[in-house]
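S.K.: Hints in hand, dock the two standalone chains.
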Amino acid sequence: MTEQRVSYTLDSTLETVDNAEQAASRIALEAGFGDDEVMQISMAVREAAVNAVLHGNAYDPGKKVNLEFERTERDLVITIRDQGKGLDLSKIPDPLAPENLLKTSGRGIFLIRSFMDEVQIHPSHTGTEIKLVKHVPGPSLDVKEASQ
Amino acid sequence: MSSLKTSTRQVDGVAIVDCSGRITLGEGSVILRDTVRDLLSKGQKKILLNLGEVTYIDSSGIGELVSAFTTVRNQGGELKLLNLTKKVHDLLQITKLYTVFDVRDEEATAIKAFK
Chain A
785 MTEQRVSYTL DSTLETVDNA EQAASRIALE AGFGDDEVMQ ISMAVREAAV
835 NAVLHGNAYD PGKKVNLEFE RTERDLVITI RDQGKGLDLS KIPDPLAPEN
885 LLKTSGRGIF LIRSFMDEVQ IHPSHTGTEI KLVKHVPGPS LDVKEASQ
Chain B
4 MSSLKTSTRQ VDGVAIVDCS GRITLGEGSV ILRDTVRDLL SKGQKKILLN
54 LGEVTYIDSS GIGELVSAFT TVRNQGGELK LLNLTKKVHD LLQITKLYTV
104 FDVRDEEATA IKAFK
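Residue numbers (the working numbering), protein chains in the order written: chain A, 785 to 932; chain B, 4 to 118.
Just so you know, the hints here were simulated from the structure itself, not pulled from any lab data. Glycine included, C-beta positions come from ideal geometry on N, C-alpha and C. Treat each hint with caution, since some may be false.
Where chain B lies over chain A, by a calculated footprint (3+ residues, C-beta under 8 Å) [unchecked claim]:
#: 1; segment: 829-840
#: 2; segment: 894-904
Computed cross-link-like contacts, BS3-like style, restricted to lysine-lysine with a CA-CA straight-line distance of at most 25 Å [what the hints assert, rightly or not]:
#: 3; chain 1: B; residue 1: K90; chain 2: A; residue 2: K887
#: 4; chain 1: B; residue 1: K48; chain 2: A; residue 2: K887
#: 5; chain 1: A; residue 1: K887; chain 2: B; residue 2: K99
Chain B on its own, in the form it takes in the complex (with noise of 0.2 Å):
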């Protein structure tokens, strides 16, 4: 199965996180986990995940969303989401996390809306 395969760039200031595979137990989590925890050290607080080539995300990864979403807070920074795939909206819908977090269509629009 393939892992989690994840590559950053710096757009205005944002560091977006373009996200392809699986975010699961194990290797996947650790990967976002590793990869937000990084940005965090360099200063880098303003986050955004895109989750367009994700293809399957469980509990332990919308664990792991939470996670990187409440510890990027925490430090003053922000997370928000862009390019949903139909699964993983359908995923934060059920679990209530869809108003939790700030998820976005367009990146464009996603830089702007970042302090």
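If we strip away everything but chain A, and leave its shape as in the complex, we get (with noise of 0.2 Å):
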């Protein structure tokens, strides 16, 4: 399996999460994934890209989003980085919290982790990081369902 790695640097503007959406589906498909994990990718990438362009870049046309798909031998790995003032982790509410179940926004983090097998979120004063990690589905599985 090579090893292939994609980058772009998009403005910060709603067509740049519509842009992250569509490539996070196609290079999931590429990636050997079914249509739920690619729907689930895709979700978690428009999560963070919305992220990225909102809240941490609030649409300044100054300011760039990076998008970096990475294809390794056993993961999917997907870097998202804005320009903002970095994003406060600990002001990030709990969604299922009963207090919080009719609140009409802050359930984005919480839904890319639980469409994603790691996310890390790493927080600056020049931005926010923000990796998405799913393993791809593996050659033991392919050889296991090939014997069947």
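M.R.: Next comes the structure, spelled out in structure tokens:
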């Protein structure tokens, strides 16, 4: 399996959110994920892109979003960076808490964590980097399926 | 990407909003918000959102459904959901909203469930 990496530098616009989702969907399909996982990956990337564009860069045309996909032997690794003030992790509410259930926002990070195998969030004063990892369907599974 | 399309019909005093497309940040969420507000402004407080043709909802779309639900309820009305796709069903399950909404599979039963 050859390792592949592709990177995009995107404007802080709603189009970026759609483009990031579409790119994630295409790359996840190419990586061999099934329909459900493709949807999960594309939605996680969409939510991360929304955070970067809205909450990170706040639609500032002078700030960019960097989106990177890396296909390793075992994983699809997606990194999204913004140039905002840095996400305050202590201010992310638990959307499943009874007092938050009927809130109209605050579910993005929760959905990302629900859909990906690993999520790392690195806020700093120069922006937030979020790394999403999904394990690709393994060769051992392919061997099992082929032998049946 | 196809945005949200809505079409409203009246059955036994209930406004059934047939939705198709995507309820996502931006146009899709705005269309849903405007549709519900428009119905409320006309005094229509029994609203059934048919999501059978909704292909995608993001966290903003989920927030818009919650907003529609609470807005209608705060005005003394009822908002129910009809025909969830598996994707939307699963999203409402993991966000624990499935039990908050009144979710129905059959239009006739849903209409009868309005007070």
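S.K.: Look at each hint and say if it fits the structure.
M.R.: Now the hints, each set against the structure:
{"no.": "1", "hint": "829-840", "verdict": "holds (count 4)"}
{"no.": "2", "hint": "894-904", "verdict": "holds (count 3)"}
{"no.": "3", "hint": "K90(B) / K887(A)", "verdict": "holds (21 Å)"}
{"no.": "4", "hint": "K48(B) / K887(A)", "verdict": "holds (21 Å)"}
{"no.": "5", "hint": "K887(A) / K99(B)", "verdict": "holds (12 Å)"}
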